[in-house]
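Residue numbers (our numbering), protein chains in the order written: chain G, 12 to 167; chain P, 148 to 906.
If you're looking for bench data, these hints aren't it; they were derived computationally from the structure.
Don't be surprised by glycine CBs; every beta carbon is placed ideally from N, CA and C.
Don't take every hint at face value.
[Stated by the list, open to error] Okay, the calculated bits of chain G under chain P, using three or more residues with CB under 8 Å as the criterion:
(1) 56-66
(2) 96-110
(3) 132-143
[What the hints assert, rightly or not] The list that follows gives simulated cross-link-like pairs (lysine to any residue, SDA-like), each with its CA atoms no further than 20 Å apart:
(4) P:Lys221 / G:Asp47
(5) P:Lys419 / G:Val111
(6) P:Lys221 / G:Val111
(7) P:Lys223 / G:Val111
[Unchecked claim] Anything over 12 Å on all C-beta distances counts as not near chain P; from chain G, calculated:
(8) Lys41
(9) Val43
(10) Ala46
(11) Asp47
(12) Leu48
(13) Ser50
(14) Ile51
(15) Ser52
(16) Arg123
(17) Glu129
(18) Asn146
(19) Tyr149
(20) Val151
(21) Gly156
(22) Gly160
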Amino acid sequence: MKLNRRGLIYLGTLGVASAVAKNAFASQAKEVKVADLASISPLKPVSFNYPDEESPAILLDMGKTVYMGVGPKKSIVAYSSLCQHMGCPVNFDSKSRLLVCPCHISIYDPARGGMCVEGPAISRLPRIILKVKGNSIYAVGVSQGIIYGRSSNLGR
Amino acid sequence: MDRRDFLKSSLIGAGLLPLLTWEEAKAFSLDAELMPEDLELPPKDAQVFNLTCQYCMVQCGYKAYVWEPGKGRKVKGAYTTVLSGEWVHPYFINRVIKDGKEVFVAIVPDKDCVINQGDHSVRGGGNAKTLYTQRSPHVASKRLHYPMVRLKGKDSPLIRVSWDEAAEFIAERFTKIKQEHGPDALGMIFGDWLWTLPTYAILKFWFKGLGSSSYAGNGWFFDEESAGISAAFGSGTRSFTVEDFETTKLLVTAGTNLQANGSVWWHRFYLKNLSVGKAKHIDIDPCRTLQAQMAEKHGGLHLQIKPGTDPILAGALIRLVIEKDAYDKDFVRKYVSGFEKVVETVKDPKFSLDNASRATGIPKEKILKAVELMIENKGQSMFLHEKGLIHQMAAFEAQHAYAVLGIILGNVGKPGACTSRAGGHPKGTFAWPEEPPSREHNLNIYEGLERGKVKALWAYGCNIFKQLPSLTKYRPLMEKTFLVVSDRIHTEMDSAADVLLPAATWGETDLILASEDRRVRIIQGFMDPPGEAKPDWEHVVLVAKKMGIRGFDWKSPKDVWDEIRSQNDWIKEMDWDSLLKAGTNGLRYPMVNGKSPDRLYSDEMERIMGKRFFTKDNKIHVEKITVLKDFDPKKYEWGEVSSRYPLMAIDFRLNELWNTGYTYWDTPGVYERTPDAYLLINPVDAKARGISTGQWVVLESPYGKCKAVARVSDKVPPGVVAMPALFPKPEQEFNYATRPTPTTDGSVDTMVACEVYPL
Ligand code: SF4
Ligand code: FES
Numbered sequence: 012m013k014l015n016r017r018g019l020i021y022l023g024t025l026g027v028a029s030a031v032a033k034n035a036f037a038s039q040a041k042e043v044k045v046a047d048l049a050s051i052s053p054l055k056p057v058s059f060n061y062p063d064e065e066s067p068a069i070l071l072d073m074g075k076t077v078y079m080g081v082g083p084k085k086s087i088v089a090y091s092s093l094c095q096h097m098g099c100p101v102n103f104d105s106k107s108r109l110l111v112c113p114c115h116i117s118i119y120d121p122a123r124g125g126m127c128v129e130g131p132a133i134s135r136l137p138r139i140i141l142k143v144k145g146n147s148i149y150a151v152g153v154s155q156g157i158i159y160g161r162s163s164n165l166g167r
Numbered sequence: 148m149d150r151r152d153f154l155k156s157s158l159i160g161a162g163l164l165p166l167l168t169w170e171e172a173k174a175f176s177l178d179a180e181l182m183p184e185d186l187e188l189p190p191k192d193a194q195v196f197n198l199t200c201q202y203c204m205v206q207c208g209y210k211a212y213v214w215e216p217g218k219g220r221k222v223k224g225a226y227t228t229v230l231s232g233e234w235v236h237p238y239f240i241n242r243v244i245k246d247g248k249e250v251f252v253a254i255v256p257d258k259d260c261v262i263n264q265g266d267h268s269v270r271g272g273g274n275a276k277t278l279y280t281q282r283s284p285h286v287a288s289k290r291l292h293y294p295m296v297r298l299k300g301k302d303s304p305l306i307r308v309s310w311d312e313a314a315e316f317i318a319e320r321f322t323k324i325k326q327e328h329g330p331d332a333l334g335m336i337f338g339d340w341l342w343t344l345p346t347y348a349i350l351k352f353w354f355k356g357l358g359s360s361s362y363a364g365n366g367w368f369f370d371e372e373s374a375g376i377s378a379a380f381g382s383g384t385r386s387f388t389v390e391d392f393e394t395t396k397l398l399v400t401a402g403t404n405l406q407a408n409g410s411v412w413w414h415r416f417y418l419k420n421l422s423v424g425k426a427k428h429i430d431i432d433p434c435r436t437l438q439a440q441m442a443e444k445h446g447g448l449h450l451q452i453k454p455g456t457d458p459i460l461a462g463a464l465i466r467l468v469i470e471k472d473a474y475d476k477d478f479v480r481k482y483v484s485g486f487e488k489v490v491e492t493v494k495d496p497k498f499s500l501d502n503a504s505r506a507t508g509i510p511k512e513k514i515l516k517a518v519e520l521m522i523e524n525k526g527q528s529m530f531l532h533e534k535g536l537i538h539q540m541a542a543f544e545a546q547h548a549y550a551v552l553g554i555i556l557g558n559v560g561k562p563g564a565c566t567s568r569a570g571g572h573p574k575g576t577f578a579w580p581e582e583p584p585s586r587e588h589n590l591n592i593y594e595g596l597e598r599g600k601v602k603a604l605w606a607y608g609c610n611i612f613k614q615l616p617s618l619t620k621y622r623p624l625m626e627k628t629f630l631v632v633s634d635r636i637h638t639e640m641d642s643a644a645d646v647l648l649p650a651a652t653w654g655e656t657d658l659i660l661a662s663e664d665r666r667v668r669i670i671q672g673f674m675d676p677p678g679e680a681k682p683d684w685e686h687v688v689l690v691a692k693k694m695g696i697r698g699f700d701w702k703s704p705k706d707v708w709d710e711i712r713s714q715n716d717w718i719k720e721m722d723w724d725s726l727l728k729a730g731t732n733g734l735r736y737p738m739v740n741g742k743s744p745d746r747l748y749s750d751e752m753e754r755i756m757g758k759r760f761f762t763k764d765n766k767i768h769v770e771k772i773t774v775l776k777d778f779d780p781k782k783y784e785w786g787e788v789s790s791r792y793p794l795m796a797i798d799f800r801l802n803e804l805w806n807t808g809y810t811y812w813d814t815p816g817v818y819e820r821t822p823d824a825y826l827l828i829n830p831v832d833a834k835a836r837g838i839s840t841g842q843w844v845v846l847e848s849p850y851g852k853c854k855a856v857a858r859v860s861d862k863v864p865p866g867v868v869a870m871p872a873l874f875p876k877p878e879q880e881f882n883y884a885t886r887p888t889p890t891t892d893g894s895v896d897t898m899v900a901c902e903v904y905p906l
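The shape of chain G in the complex, shown without the other chains (with noise of 0.2 Å):
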């Protein structure tokens, strides 16, 4: 299946980037550069990683405001992409504009602070907190539960 191929993927990242101590964050919340307001465009995801390489997350502009929203339109959200089943990295499916867990089929809503809307998720994607400085949009923080695979949210 190709979505549990990413997911053996990410597999392997994460045993790479846990074997090798990262300074790149802070152990208190720090500010990540994650893209230029110019290279976002309305529903294409853009990939990062917060608060370590650790957890991959997902930035949305959702093209309209919504809640929690930043940017000019107060329309753009992130949010931890491991879903709070079981870490699968879930997907954005442009038409429903929903996140999608391909594994059990968990399903948020990122234009409603992550809330999980089906499937046997417990709780919202945690939600990272974004702020626009300049032309850019930085992560400056994790809200509304714990990213997949931690005990914590604080960065290595």
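Guided by the hints, dock chain P with the ligands onto chain G, whose structure is given.
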């Protein structure tokens, strides 16, 4: 958009997604943001207990880890990987009281349990959130802490008393009622899924102690829900093993939404089998559920059947299989008795393809494609059915017909192949004390209530103002009785109860339950119950002793278990210590000389048990198929559809609610999904009534009404509306509109003709 604006906007038009109401939406912003940021994980030397989930029949294994606050592990960064079953979600952890001291507990899906391998559903994932803790005023205030009685009748207040006083009060009233009106004036309704030990205790007390035959289970009134399948195999016991979901070539589900209520089974089927193209799925359901959509997406079928017409569809499928001469001849010759009756029955014109398509609303091509898939995968298919058949009109006919279809295709007792109920609740009954002879004429407790014969009721692990049908009529009758309630929480029954007895529950006492694939496990107690709550079986012991009834001298859960297992050959070898040792994988029944078959009706079963089926002649019996000859949908609920009640209402089980509404629904992340009961209504029907998504509507039947939030959706066909069963909010309970008549097999019937209009 700030929080307030968001909440307002979410009240209007959110398409087909769940809608938040204002009341619930408050939690949307607050609760979830209050999740802990930095968790303590179970330390290496944590105390470990074996558990199985407190909810559905899949019975996933869990471990409880208990440790002293501050002694847990702190880990930086990611400590586990995808699908490992090792991650401790923040909701898995709670603080509870054990031996009088506060401890941390983590309830973690057990990756060593063969059933779930570390997986969980949205329901089981909340197990820890339901634990009693003063730190959650919300959870704490729901629980019953002390026995309470109304000393001076229904208008007097409930006051706290000692256990001794409560037992005395019940004993006096029961004795008096029995003396004046005979034993059958004492009625009892029990949660038919309840833990093994308390179930046995109440049945023994009722039948042998009191001599009463007035009782019902919450899902059925008489006979059993498995009648249609036990007619074939001699038992309704589920025959498959969980691994079959990963190896089957074709899953055929009728009236059972495994994605939503046998979730971990479906997860295994989906991830390891369906989604990787190894298997197909045919889902027979009036609703286009997510499971149905996934079945189609991966090359299978959704047969969107007109509710209640299953006997016609099954009859037509059987006829096609026979016409194509594609049934499993060897299997039928060797093991099946009555095949000629099948051949003869399905010759009736009502089972022709044309008629079946007309009657069921399923296009002919789809029926033909279904037969093709079934034939292609004969001997390698799982045929599963459940409440969608059992709790509808003509339950016996539907259940038996699907059984016969699975059987003649040879889907019995082989790897990846079975013909079985899927199951609903875990198995909680292993011994059934002999019923008093009066039972023969005393099958329906509702009749007893109506005629004023039933003077007292003991609601035992069952919310009788919620889980029984036709409540608009029968609740007032039940309210008038001398009402004893054994429950863990406060419910709407408080308002009429003469006695409330607080039950110690999951985690607070040792319990025993079995999974649908026949694994018996001890669920260990790992914390203190609230206040003076006691296990339900002890409620029975106290009352029995006060009444001077002998045979209730159990001192521990083990004593009760020993008495149960001495009465059932299938489990008699399973003593308490071997069960404890067997941990979350448990021991499987039926067990003979330490051996148990993985699948029933298999070669292995024949080797171990000396027989293949539970019937007297060791054959499968399909003769009862002749009941299909008289089947006519109009004789049942469809006959009640009229210009006044033009729609047919059915209920369904909601993933996040099923089996859990009394506990888990209240946790954030779940109730924000479904803050209120909703009603699925087809766009055609909605338009004709001026109903739009998000609007409150009333569902009214000839028997009563309830309310829900409309979701206009083509998930239901025109003419059919659907709403979740057992929604935990006042006035949103479908059972206030359901019919009073149990179906032919005695199970509770949940289809009803209705009209729907804006509130
Ligand atoms: S599938 Fe059933 S047993 Fe397993 S976690 Fe969910 S509710 Fe519990
Ligand atoms: S890992 Fe996402 S649904 Fe199971």
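Here is what the structure says about each hint:
1. Coverage of the stretch 56-66 of chain G by chain P holds in this model, with 3 residues showing a Cβ closer than 8 Å to a Cβ of that chain against a need of three.
2. Look at the stretch 96-110 of chain G against chain P: 5 of its residues bring a Cβ nearer than 8 Å to a Cβ of that chain, three or more, so the hint holds.
3. Here the stretch 132-143 of chain G counts 4 residues with a CB under 8 Å from a CB of chain P, which clears the bar of 3, and the coverage holds.
4. Distance restraint check for lysine 221 (chain P) and aspartate 47 (chain G): the Cα-Cα separation of roughly 36 Å exceeds the 20 Å cut-off, and the hinted pair is therefore not satisfied.
5. Between lysine 419 (chain P) and valine 111 (chain G) the alpha-carbon distance is near 18 Å, which keeps this suggested pair within the 20 Å criterion.
6. The straight-line distance between the Cα atoms of lysine 221 (chain P) and valine 111 (chain G) is roughly 31 Å, outside the 20 Å bound, and the hint therefore fails.
7. The suggested pairing of lysine 223 (chain P) with valine 111 (chain G) is violated, with an alpha-carbon distance near 28 Å, which exceeds 20 Å.
8. The Cβ of lysine 41 (chain G) lies farther than 12 Å from every Cβ of chain P, with a closest approach of about 14 Å, so its non-interface assignment holds.
9. For valine 43 (chain G), the requirement that its beta carbon stay farther than 12 Å from each beta carbon of chain P is met, with the minimum near 15 Å.
10. Chain P leaves alanine 46 (chain G) outside its interface by the beta-carbon criterion, the shortest separation being 21 Å against a cut-off of 12 Å.
11. Every C-beta of chain P lies more than 12 Å from that of aspartate 47 (chain G), the closest at about 23 Å, which supports listing it as non-interface.
12. Non-interface status of leucine 48 (chain G) relative to chain P is upheld: no Cβ of that chain comes within 12 Å, the nearest being about 18 Å off.
13. With a minimum CB-CB distance of about 24 Å to chain P, serine 50 (chain G) clears the 12 Å threshold, and the non-interface call stands.
14. No Cβ of chain P comes within 12 Å of the Cβ of isoleucine 51 (chain G); the nearest lies about 18 Å off, and the non-interface call holds.
15. Against the 12 Å criterion, serine 52 (chain G) stays outside the reach of chain P, whose nearest CB is about 20 Å from its own CB.
16. Listed as outside the interface, arginine 123 (chain G) is inconsistent with that label: its C-beta sits roughly 7 Å from the nearest C-beta of chain P, within the 12 Å cut-off.
17. With a least CB separation of 6 Å from chain P, glutamate 129 (chain G) falls inside the 12 Å interface cut-off, contrary to its annotation.
18. The beta carbon of asparagine 146 (chain G) sits about 22 Å from the closest Cβ of chain P, which is more than 12 Å, so the claim that it is off the interface holds.
19. Its beta-carbon lying about 20 Å from the closest one in chain P, tyrosine 149 (chain G) satisfies the requirement of being farther than 12 Å from that chain.
20. Residue-level check passed: valine 151 (chain G) sits 15 Å from the nearest beta carbon of chain P, beyond 12 Å.
21. For glycine 156 (chain G), the condition that its CB be more than 12 Å from all CB atoms of chain P is violated, with the nearest at approximately 5 Å.
22. For glycine 160 (chain G), the shortest C-beta to C-beta distance to chain P comes to about 4 Å, within the 12 Å cut-off, and the non-interface label is violated.
The structure shown violates the earlier hints numbered 4, 6, 7, 16, 17, 21 and 22.
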